[in-house]
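Here the structure of chain A is known, so what remains is to put chain B in place on it, guided by the hints.
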Amino acid sequence: MYTIHFSVIFKHINPLLSGLIITAEISVLTMICATFLGVLLAIVRMSGNRLVYGLSIAYIEFMRNIPLIVLLYIVYYGVPSLIRGFILTPFVAGLIAMTLNSSAYEAEIIRGGLLGIKRNEVESALSLGLTSMQVFLHITIPHALRLMWDALGNQFIGIILGSSVVSIITLNELTYEALGIGSSTSRHFEVFILLLGIYVLLSVVLSSIFRYVKLVFLPPRKL
Amino acid sequence: MISFKQFILLLRGLLVTLEISLGGMALGTVIGIVLGFLRASKNPIIKYGILVYVEIFRDSPLLIQLFVIYYGLPILFNIDVPAIATAFIAITLYTSGYMAEVFKSSIEAINVAQWESASSLGLPFLYTARKVILPQAFRLAVPPSVGVLIMVIKDSSLASVIGFVELTRMANIVRAQTFTTFNVYAIAALLYFVVCYALSRMGRLLERRTLCSE
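First to last, the sequence lines map onto chains A and B. Just so you know, we're using the numbering used here here: the first sequence kicks off at 797 and counts up by one. Just so you know, we're using the numbering used here here: the second sequence kicks off at 129 and counts up by one.
No lab work stands behind these hints: they were computed from the structure. No experiment lies behind these values; they were computed from the predicted model shown. Among these hints, one or two may not hold up.
[Unchecked claim] Pairwise CB distance ranges (calculated): (1) B:252 <-> A:979: 51 to 57 Å; (2) B:177 <-> A:1010: 25 to 31 Å; (3) A:888 <-> B:204: 38 to 44 Å; (4) B:245 <-> A:851: 40 to 46 Å.
[To be verified] Here are some chain A residues pointing at chain B (derived, C-beta under 10 Å): (5) 798; (6) 858; (7) 869; (8) 878; (9) 883; (10) 991.
Every residue, glycine too, gets a C-beta built ideally from N, C-alpha and C.
Excised from the complex, chain B in its bound form:
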């Protein structure tokens, strides 16, 4: 069995996992909102450019995206990139692809008449997007966003492969110290489970509330 000190190490790993996931999710959501609005654009270059962007990040494994950034940034820009930056960039881009889809459908779910009435009242596009559409789209976007967050927390475990010390990497380290393989990974799995299951219950609750208020 592992000692209390090693359990604390795993908890610290969990904290790092949560930090990188929430950080990537926050920035990814901002990018996703912008892309979600731009996707309604009539300009074919913008429209199809965003489509390709979203498909690339949704239709390829996060592991490969991590490798591309891990090997790509140093040679393209001639800089040393720490593992945390690689992980953060990859998770942000990955999240932005999913959040762009979430916001695209939330924005589409809002009646076109609202855009038209706002414009007939003389409100400029950005003002309408920010003050009329976004507050409503946000409410619709919350339940699917919780699903994306759970996915990101689980998939952030892949950043362990490029040497970023989060929960999974910490489990590898503790395993090397103690030689108790099964218990260490089982505890790591349980920690992931507790966080993700709690979030999924919360997501279901929020979903029900959104449905009721419709």
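Excised from the complex, chain A in its bound form:
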């Protein structure tokens, strides 16, 4: 009969902590890159040029409708197989795949926020004598951010959860380290129960931060 022992796992807590740091690194870098690319895509999609408009839609729809793991295989195994002597490290391949995937979602979120800005509010501010820079900083940005904030928070949580997939191409992040501890202690079940708790905790903490920031810096407008 199998008895559940968590105490064995806690002797191997160091690899989990170093895995957590790698998970944090790749997630934060993905958030930054994907937001940057997402803004670019959203602007391009809203521009008048039909060619770039079509290309950006094709990109967004393709990335949103394929699994992250297949994209990861294409970036890590597929592309280097086409180019002689070209190798990606698991970290870089993971970062590229996750950025490509998330930027498509973020482009849609950011576009939604930008479309929600009301023209008459911008015009009123301008007519009150605010400079266009002031309008951008005090009207456009806060309004758009308030509209896209919750969706952006969910997307960032999705990035952290999605980073577990990069363990498959041997990036030594949280899930990869957990598999290693499982093999060396034969206590896979306990490790993954603990890991489930860690990911839930990370999600809850991040969503609390997002809710707090919204409450303090982006309060609902008083009319």
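Just chain B now, kept in the frame of chain A:
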């Protein structure tokens, strides 16, 4: 390039992907409906129990849920579990968390007065839920459910990691046979894209129809 026979293999993988996704979605929806109704309960144990259940399955990666079930079932119940059962259980639980949220908001969107009038007419709770609320909630739930289905089809690719042979695993197998890495994964990606994009168009159409009929 891959041969016709290998393309057929990938198509068979796609079929398995669709089967496991639709199967998990079907059972997950049933659980989700029950949880969606129970969440309106006044009993704090039921209410917060469901809240925790939903948060666990929505706030953790499906990959980890798969591993917990893959390693957990054999040791807890001392049974051998085939990969398809592990995948099916994990996808069902994962889906049920999302569908519980979908049905919770659909049920909440229906006017409380309907519950009250049904009860004042002497209809019992279950009858009201089944015959009055659910048919209306269903209509509201369809467009977001399509979104969940697309997510499930994509995320079912993670079951390849525990050895379940669906489209992604089949792509790994074909890749090992042919050594044409890029093409195989590109074709797999296209197959996922065709199915998910068609579904997302359909979802948008249904959404518009729901909005119009309001």
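Here's how the hints hold up against the structure:
1. B:252 <-> A:979: 51 to 57 Å: holds, 55 Å
2. B:177 <-> A:1010: 25 to 31 Å: At 28 Å between Cβs, range holds.
3. A:888 <-> B:204: 38 to 44 Å: Taking Cβ atoms as reference, residue 888 of chain A and residue 204 of chain B lie about 39 Å apart, which means the hint holds.
4. B:245 <-> A:851: 40 to 46 Å: violated, 54 Å
5. 798: At 4 Å from the nearest chain B Cβ, residue 798 of chain A passes the 10 Å test, so the hint holds.
6. 858: holds, 6 Å
7. 869: holds, 5 Å
8. 878: holds, 5 Å
9. 883: violated, 13 Å
10. 991: OK, holds: residue 991 of chain A within 10 Å of chain B, min 5 Å.
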